[in-house]
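Model the full assembly from the supplied sequences, consistent with the hints where possible.
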Amino acid sequence: MKIAISATGQNKESLLDRRFGRCDYFLIYDTEAGEFEAMVNNGVSSGGGAGIAAASQVIEENVSVIITGNLGPNAFELIEKAGIKAYSCEALPVFRTVEMFQKKGLSEINAAGNAHHGMK
Amino acid sequence: MVISVLSGKGGTGKTTVVAALSELIKNVIKVDCDVDAPNLYLFYKGMDVEKKNFYGGKKAKINKSLCIECEIW
Amino acid sequence: MNIAILSGKGGTGKTTVSTNLAMTLGVSYVDCDVEEPNGFIFLNPSIQKREDVFVEYPVIDQKKCVLCGACAKACQFNALAKAGKEIVVFEKLCHDCGACRLACKADALSYVKRSIGKLESGMAKEINCYRGILNVGEPMAVPVIRKLLKELPKEDHLVDCPPGTSCNVVTALKYVDAAILVTEPSEFGLHDLKMAVELVKLYNIPYGIIINKDDGQDNMVKTFCKANEVKLFGTVPYSMEAASLYSKGMMLCENDNHKKNFINMAEKIKEAFTW
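Top line first, the protein sequences correspond to chains A, B and C.
Just so we're aligned, residue 267 is where the first sequence starts under my numbering, counting upward by one.
Just so we're aligned, residue 19 is where the second sequence starts under my numbering, counting upward by one.
Just so we're aligned, residue -3 is where the third sequence starts under my numbering, counting upward by one.
Simulated from the structure, these hints should not be mistaken for laboratory data.
You may find that some hints are simply not true.
[As the list claims (entries may be wrong)] Result set (DSS-like, lysine-lysine): computed pairs, CA atoms no more than 30 Å apart in a straight line:
no.: 1; chain 1: B; residue 1: Lys76; chain 2: C; residue 2: Lys45
no.: 2; chain 1: C; residue 1: Lys170; chain 2: C; residue 2: Lys109
no.: 3; chain 1: C; residue 1: Lys101; chain 2: B; residue 2: Lys27
no.: 4; chain 1: C; residue 1: Lys101; chain 2: B; residue 2: Lys82
no.: 5; chain 1: A; residue 1: Lys278; chain 2: A; residue 2: Lys370
no.: 6; chain 1: C; residue 1: Lys197; chain 2: B; residue 2: Lys69
[Unchecked claim] Some, not all, of what chain C presents toward chain A, calculated at C-beta under 10 Å:
no.: 7; residue: Ala70
no.: 8; residue: Phe73
no.: 9; residue: Asn74
no.: 10; residue: Ala79
no.: 11; residue: Gly80
no.: 12; residue: Lys81
no.: 13; residue: Glu82
no.: 14; residue: Val84
no.: 15; residue: Phe86
no.: 16; residue: Lys88
no.: 17; residue: Leu89
no.: 18; residue: Pro139
[What the hints assert, rightly or not] Far from chain B by the CB rule (all over 10 Å, computed), these chain A residues:
no.: 19; residue: Met267
no.: 20; residue: Asn277
no.: 21; residue: Arg284
no.: 22; residue: Tyr291
no.: 23; residue: Asp296
no.: 24; residue: Glu298
no.: 25; residue: Gly313
no.: 26; residue: Gln323
no.: 27; residue: Lys347
no.: 28; residue: Ile350
no.: 29; residue: Met366
no.: 30; residue: Phe367
no.: 31; residue: Gly379
For glycine and all other residues, C-beta sits at the position ideal for the given N, C-alpha and C.
Rendered as structure tokens:
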């Protein structure tokens, strides 16, 4: 399966970005291939609805899981409708967040955070 | 903890209050979200450490050779 | 002839100046600070007409929709997105451009109206008054401003603009022939005045300045005007009395101490804009 992680950089050592809608990159981890792929987040260049653009992009990648800080209400609605599960994590290196997810060490995001609110 | 200072009416003193309060708190980050006319920095003789462009949308470009001027908008 | 009153900085006195000038000149007053229209507090018109301002947003016929996602791809505002087995519409992001319906090949899109605000008009003290009111929480003021200004009758208007220098003000400026910039003699005032000057110059709008809350001295704004050959129409004094009248919602130009000042400024404005 594929896991999308919001990231501050393009490689697996980059730190997780707690924001979803306006994170700089998404790193997509393929559990079968054991590889990371980086892509620029479309939400970054949005005037509004960044969470929607980011969620749409991730949905199109056919991921099953998202690891991020928080999800705003628009992104949350889309992720939920697409049947994707989201988990919250601290700003650790991306590869560590995947390890934590696999060890069941992350809590699921069950509700939207505040809009425009990737930070706590 | 994030505290927003807002007012509805312009010119009531938001920037003044933010500058004053922020001076009384340790370890605080001051954020000027009045992107139309940011004034908070005028209180401080600071220097820019980093500047980044913000890209917030696309500008349309018309290909005149394809355009039939239907003015559908 | 439409004259905009703008400032860059909030709270400099746009509404004070525009309501009093409108009365002095005997021209119509238009409040297009639709987020927080204040002008009617002073003019207190009896409202004769009230209408909703509508925008449209797309509705998807799920029976016809083939889930191709073309509408979402066409939308430049992220108002549509494909998720699971449906297209989700985010009404408040919709800019009413119609691109989604053009993109849809399944004829599954239609539009529905929703109200985002109101236009009101009436009469006060022998002048016509107009205003737009944006509903609280609505993200876009431009459709209200546009409808307000587009539907004005053929007469002279003083257009009380929103603060700032972005979208809302730019929209208002599209409908005016001249501008009066209202400022205050402070660093903040001058800083934002310069931004407003840049804006009117960008759109080639003839302009002049009024200094509100003026200290009667040679201040930084007057220096700026002299250095840049900017017309100064006059000043409104920084006085306890003026502030007191304003705080009670009263008109300065109806007060003997201020009437002549507004008449003088009105004369200078008529002359400058050859009106």
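Right, here's what the structure says about each hint:
no. : hint                  : verdict
1   : B/Lys76 <-> C/Lys45   : 39 Å, violated
2   : C/Lys170 <-> C/Lys109 : 26 Å, holds
3   : C/Lys101 <-> B/Lys27  : 47 Å, violated
4   : C/Lys101 <-> B/Lys82  : 25 Å, holds
5   : A/Lys278 <-> A/Lys370 : 19 Å, holds
6   : C/Lys197 <-> B/Lys69  : 26 Å, holds
7   : Ala70                 : 13 Å, violated
8   : Phe73                 : 6 Å, holds
9   : Asn74                 : 3 Å, holds
10  : Ala79                 : 4 Å, holds
11  : Gly80                 : 4 Å, holds
12  : Lys81                 : 8 Å, holds
13  : Glu82                 : 6 Å, holds
14  : Val84                 : 6 Å, holds
15  : Phe86                 : 6 Å, holds
16  : Lys88                 : 9 Å, holds
17  : Leu89                 : 5 Å, holds
18  : Pro139                : 15 Å, violated
19  : Met267                : 32 Å, holds
20  : Asn277                : 21 Å, holds
21  : Arg284                : 14 Å, holds
22  : Tyr291                : 15 Å, holds
23  : Asp296                : 29 Å, holds
24  : Glu298                : 35 Å, holds
25  : Gly313                : 4 Å, violated
26  : Gln323                : 16 Å, holds
27  : Lys347                : 26 Å, holds
28  : Ile350                : 27 Å, holds
29  : Met366                : 26 Å, holds
30  : Phe367                : 28 Å, holds
31  : Gly379                : 13 Å, holds
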